[in-house]
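There are 2 protein chains.
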Amino acid sequence: MKTVEFYFDFGSPTTYLAWQRLLQLQGQYDFNIDYKPMLLGGVFKATGNSSPVMIPAKGKYMMADMARFAKRYGVPMNMNPNFPINTLPLMRAAHGALKLGCFDLYVKTIFEAMWINGNNMSDPSVIGSVLTAAGLDSAALMVSTQDPEIKQTLIDVTDEAINRGAFGAPTLFMDGEMYFGQDRLDFIEEALS
Amino acid sequence: MKTVEFYFDFGSPTTYLAWQRLLQLQGQYDFNIDYKPMLLGGVFKATGNSSPVMIPAKGKYMMADMARFAKRYGVPMNMNPNFPINTLPLMRAAHGALKLGCFDLYVKTIFEAMWINGNNMSDPSVIGSVLTAAGLDSAALMVSTQDPEIKQTLIDVTDEAINRGAFGAPTLFMDGEMYFGQDRLDFIEEALS
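If you're matching them up, the sequences are chains U and F in order. Per this note's numbering, residue 938 is the first one in the first sequence, and the count goes up by one each step. Per this note's numbering, residue 938 is the first one in the second sequence, and the count goes up by one each step.
Just chain U, with the same shape it has in the complex (with noise of 0.2 angstroms):
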């Protein structure tokens, strides 16, 4: 069975249209999605590239292809009023989930309270909120974001990136090709097919 490995970072909302997309394709084909949890940030320091939407005229365009591609997909989708969002803590506790055992539900949990929902997820009392609301040890996964073995995870699992080549988010590797961007799911699907 074919392996996707999805490096992805919650503060991109492209990342969270390759997600979805994700899930729809394995209601469709046989593979297994590796999620691989990074910083974003990282990427961006260590390769010079920045968010598109640091360039004005590029950050209003993206809001319609984005809005393009979630009726393409028929997923909903909302921009984060509070874009964009710090997501240190949501990628160290993305190992932490790894480790406590609710990594899909949590994974969940985070894409649509930032994607669908608008939550603040800068801020750790919504953080709390939302995992509580979801039936999630919120207070367990809080820890996990200040164990020092989590915190290098997520920087090897970043540099690892790295040096596969990534820039941005999210960025997929299958049979040794690497694919960039949500818009690039349909090749992945052909080399699925």
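It is possible that some hints are incorrect.
[What the hints assert, rightly or not] Straight-line Cα separation of at most 30 angstroms, DSBU-like style, residue types lysine-lysine; simulated pairs:
1) F:995 to U:1008
2) U:1045 to F:995
3) F:1008 to U:995
4) F:997 to U:997
Because the hints were derived from the structure by calculation, they are not lab data. The structure displayed is predicted, hence computed values, not measured ones.
Use these hints to put chain F onto chain U, whose structure you have.
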């Protein structure tokens, strides 16, 4: 009949792919292409944007990405070893070619020289030979690049693109919608069909 407005610069390899794909789509759907020669450097300067190849990791990935699309479209493409090329005279001469009535042949000749044949189109003597070999009036086209009216037209079309929201090339408009990139022609195709 629908019209696709195509803001382009010969210096952009993805714009070459878009041009090839637009010609293919014209074989399937009834629509006009309204060619808008602009200076990509001017668009970058005005918007704060820059070529993706300025980020080395992105530039490397783009080579693989463009090869995937060339294969998907079934068109030849070779990265020009002289990239990046200063396209100011080429874009001025595009407006000259519109005036001289040899636009389609000029566009085909320059795109092929740039992105199939790998000619060094920064070199005026190479431009001259390429135009002459294609049966174009090289002298008249080169003279047009010094015509103040032609110079101003290129500035005006570039400003028009910027004012309409362009931040790179290719930028296309159809039915009042803006599309950026050769990888968005599938949305144009959807709207045509």
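Right, here's what the structure says about each hint:
1. F:995 to U:1008: holds (28 angstroms)
2. U:1045 to F:995: With Cα atoms ~29 angstroms apart, residue 1045 (chain U) and residue 995 (chain F) stay inside 30 angstroms; holds.
3. F:1008 to U:995: holds (28 angstroms)
4. F:997 to U:997: Satisfied, since the Cα-Cα distance of roughly 26 angstroms is no more than 30 angstroms.
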